[in-house]
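Q: Chains as they are written, first to last, in the numbering used here: chain A, -9 to 295; chain B, 28 to 429.
Think of the hints as simulated: they come from the structure by calculation, not from any bench.
A few of these clues could be false.
Listed below are several chain B residues computed to face chain A (Cβ distance under 7 Å; list not exhaustive) [said to hold, decoys possible]:
| hint | residue |
| --- | --- |
| 1 | 108 |
| 2 | 110 |
| 3 | 112 |
| 4 | 258 |
| 5 | 427 |
Pairs of lysine to any residue residues, derived as SDA-like cross-links and limited to a Cα-Cα distance of at most 25 Å, are as follows [what the hints assert, rightly or not]:
| hint | chain 1 | residue 1 | chain 2 | residue 2 |
| --- | --- | --- | --- | --- |
| 6 | B | 222 | A | -3 |
| 7 | B | 222 | A | 121 |
| 8 | A | 130 | A | 46 |
| 9 | B | 222 | A | 240 |
| 10 | A | 130 | B | 298 |
Quick look at which bits of chain B chain A covers, simulated, 3 or more residues with Cβ under 8 Å [as the list claims (entries may be wrong)]:
| hint | segment |
| --- | --- |
| 11 | 270 to 278 |
| 12 | 289 to 298 |
| 13 | 308 to 319 |
Glycine included, each C-beta is placed from N, C-alpha and C at the ideal position.
Here's the letter readout for the chains.
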Amino acid sequence: MTLLSILGMISSAIFSGTSLLYTTLGETIHQRSGIVNLGLEGVMLISASSGFAVTAITGNPYLGVFIAMMAGGIMNMILGFLVVTRRANQLASGLALMFFGFGLSAIIGKPYVGTRINALPRLNLPGLSSLPRLYSSLFKFDFLIILVIPAAFFVWWLLFRTRWGLGLRAVGESADTAFASGRSPFLIRYQALFLGGMLTGLGAAHLSIAYTINWTEYMTGGRGFIAVALVIFSKWHPLRAILGALLFSGAVAFQLLLQSSGVQISPFLLDTIPYILTLLVLIVWGGARRHAAPASLGRIYQGVE
Amino acid sequence: MKSKIFYTFLAVLMVAALLLSACGTTDEEQTTEEPVVEVSETDAPVVEEPVTEEPAAEEPATEEPATDGPCLIIGALYGGPINDAGYNQAMHDSVMAIQENIDCVEIIEAENVPEEAGATSTMENMIQQGAGMIFATAFNHQYPALTLSQQYPDVIFEHAGGWEMSGNFANFFGEPPDTWYVMGVAAGLMTETNKLGFVAAFPLGWTNTFINAYTLGAQSVNPDVETIVAFTFGWGDSAQEADATNSLINQGVDVITMHVDSPATVLSTAESRGAYSIGFQSLAAQEFAPEYWISGIGFTLGDTLTWLASNVIDDSWEPIFLRCGIADGCMAMGPFGPNVPQDVQDQVLEALAAIESGDTVVFTGPVVDQDGNIVVAEGEVLTPDLMSSVDWFVQGVTGSPQ
Chain A
-9 MTLLSILGMI
1 SSAIFSGTSL
11 LYTTLGETIH
21 QRSGIVNLGL
31 EGVMLISASS
41 GFAVTAITGN
51 PYLGVFIAMM
61 AGGIMNMILG
71 FLVVTRRANQ
81 LASGLALMFF
91 GFGLSAIIGK
101 PYVGTRINAL
111 PRLNLPGLSS
121 LPRLYSSLFK
131 FDFLIILVIP
141 AAFFVWWLLF
151 RTRWGLGLRA
161 VGESADTAFA
171 SGRSPFLIRY
181 QALFLGGMLT
191 GLGAAHLSIA
201 YTINWTEYMT
211 GGRGFIAVAL
221 VIFSKWHPLR
231 AILGALLFSG
241 AVAFQLLLQS
251 SGVQISPFLL
261 DTIPYILTLL
271 VLIVWGGARR
281 HAAPASLGRI
291 YQGVE
Chain B
28 MKSKIFYTFL
38 AVLMVAALLL
48 SACGTTDEEQ
58 TTEEPVVEVS
68 ETDAPVVEEP
78 VTEEPAAEEP
88 ATEEPATDGP
98 CLIIGALYGG
108 PINDAGYNQA
118 MHDSVMAIQE
128 NIDCVEIIEA
138 ENVPEEAGAT
148 STMENMIQQG
158 AGMIFATAFN
168 HQYPALTLSQ
178 QYPDVIFEHA
188 GGWEMSGNFA
198 NFFGEPPDTW
208 YVMGVAAGLM
218 TETNKLGFVA
228 AFPLGWTNTF
238 INAYTLGAQS
248 VNPDVETIVA
258 FTFGWGDSAQ
268 EADATNSLIN
278 QGVDVITMHV
288 DSPATVLSTA
298 ESRGAYSIGF
308 QSLAAQEFAP
318 EYWISGIGFT
328 LGDTLTWLAS
338 NVIDDSWEPI
348 FLRCGIADGC
358 MAMGPFGPNV
368 PQDVQDQVLE
378 ALAAIESGDT
388 VVFTGPVVDQ
398 DGNIVVAEGE
408 VLTPDLMSSV
418 DWFVQGVTGS
428 PQ
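Between the sequences and the hints, there should be enough to build the whole structure, so can you do that?
A: See the structure below:
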């Protein structure tokens, strides 16, 4: 193990963990308001494809990021309509949203497969430019990476330090009580979904416009579901989500490092390491009672007519 | 509740906006559940013997005279999108070359047909439209096509890269190992760290063969060279491809190549890290690595497919197990990148000439695997049917082949 390979693992964890963290933050907001969004995978795909398409058309990656963000919010409005207004089952609606996203994103992205776009520019961090390119390119981050940790703190501040956050968490714990205290669970859940969708969209934008600079069908490869698991891992706390996302993407980077360092273990087995790690964490965490899920997570608020 | 109506309206509006914007970005009506079938017709065929005295060309042809029907309708189906700058684009370009060479054929294409059930219904649909010849280009298309070939004995089926044969079912493919050897020569000459990186989707027989040929080529000019392999376990998992590329570069690799569907992510990631790269599948990939591109290889099966189609037209088609290499024009090497020195280019072209003339045969024994076992004995040559089931890496490859 050389210094470069260790630094490289950290760099890879940051690069591929960014999209996971944005998505996890989005899902944290949904779940804190009492909604499980299993459609994240579909939302990410729609955001990634529409962001990529807009970047390909206009040549402006920032516009692409913005569109990806809005697409994420709008996709979640569909879920909101189903589970908040129409009071449909959250799990079933989420899965339906996911499959909808699979199909629609394939259509949106179809004309832009194999298109070369202007990627989101990577900025030189001060002090790094004197290093050899091999090293300096490890830590040339785009603005979405630079903003991801502040975003986690922002979500934390929003949830735990503002009245709006208090109301949102109240809705997640007991929508009836929140309603009785003068808040509108419907409105708050729509707001939570829209904000969470925008964060999910940012994550997807990073994936397609900044990191892989490519659109392929189903390119998210299960990251939406990993984000749901990471929300549980982080016990519905935005700051612990930072750790979760880094740990998972670090495990991916680690297994790739093992594979290519000549360890004679089947690569099929190594490929499962990050997922086994996720399972183990869920098993260990599962028993703890403190900081458990929002009390009315997944429950439908029937409202007062 | 007024707000409920308002939000209902809002949600419907947004769904509508989303759907409309989605339609705006595509030119044709497309659905994803059904494979997309595009019909591209030939220009009005040349009328050799006008039946009537009126010149037909002056009026836009509203109906086709019976004598002007296409001489052959060809159905072609692909596993992925035909603009992927990768395998599917290479196959699409090859099929479209038939159209350019033979004016009177009509081609029906279907892309994004990855699985077997969809392939069966797509091919049946094409046969209903009059297809007399089918090109099934994805790995999964082989058995659906073979089954249909028994149901439709009058239709000729050609599969890309398969091994089954019957009276009206045969297969064709380029011979990538030869070209991978030449690319290995290029990589072996360009590397400064003596470490080459290979991003692969799955440890499959053919992929292992490519990696072996590439390594043997590199070792032929640079005995110290080592090829490091990283598997992504997905033909299109871009994020994993970027991770794998970075991981390889971080271990000192300075030349990257890949066997995944679309080379875009691997090439652009290598470019951003300042590592050299070699493309595979379609020569269209060079644009993703303008500065650090060494060269690339792609399928150029146009002439071969044209020959097969012309055989069908004049009724001389016979089922043959067709494999053709770079010497026959079925594979081609891309242009060199701007940073490849002239003497390297010369040596690569020499190696290519030796392959074309038959002086170099890639897997000539003795070939030794990672553990030192002799896998191809002295005086023997690895045959193409064995290449598809290779489960070993030659000495000098780091990685696990199974």
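Q: With a cut-off of 7 Å, does the beta carbon of residue 110 (chain B) approach a beta carbon of chain A closely enough for the hint to hold?
A: Holds - the Cβ of residue 110 (chain B) comes within 7 Å of chain A, reaching about 5 Å at its closest.
Q: Given the hinted pair residue 130 (chain A) and residue 298 (chain B), is their Cα-Cα distance within 25 Å?
A: holds, 14 Å
Q: Are there three or more residues in the segment 308 to 319 of chain B whose C-beta lies closer than 8 Å to some C-beta of chain A?
A: holds (count 3)
Q: Have a go at the residue 427 (chain B) hint: is there a Cβ in chain A nearer than 7 Å to its own Cβ?
A: Since the shortest Cβ distance to chain A is 5 Å, the answer is holds.
Q: Are the Cα atoms of residue 130 (chain A) and residue 46 (chain A) separated by 25 Å or less?
A: holds, 23 Å
Q: Given residue 108 (chain B) as an interface hint, is its Cβ closer than 7 Å to any Cβ of chain A?
A: holds, 4 Å
Q: Holds or violated: residue 222 (chain B) with residue 240 (chain A), Cα cutoff 25 Å?
A: OK: residue 222 (chain B) and residue 240 (chain A) at ~24 Å, within 25 Å.
Q: Quick one, is the residue 112 (chain B) hint okay against chain A at 7 Å, beta carbons?
A: At about 4 Å, which falls below the 7 Å cut-off, the nearest Cβ of chain A leaves the hint on residue 112 (chain B) intact, so it holds.
Q: Please check whether the segment 270 to 278 of chain B has three or more residues whose CB lies within less than 8 Å of a CB on chain A.
A: This one holds; 8 residues, not fewer than the three required, reach chain A with a Cβ under 8 Å.
Q: Taking 8 Å as the C-beta cutoff, is the stated coverage of the segment 289 to 298 of chain B by chain A satisfied by three or more residues?
A: That given contact holds, which follows from 5 residues of the segment 289 to 298 of chain B lying within Cβ reach (below 8 Å) of chain A.
Q: For a C-alpha distance cap of 25 Å, please report whether residue 222 (chain B) and residue 121 (chain A) respect it.
A: Holds - the C-alpha atoms of residue 121 (chain A) and residue 222 (chain B) are around 22 Å apart, at most 25 Å.
Q: For the hint on residue 258 (chain B), does the least C-beta distance to chain A fall short of 7 Å?
A: OK, holds: residue 258 (chain B) within 7 Å of chain A, min 4 Å.
No hint from the list above goes unmet by this structure.
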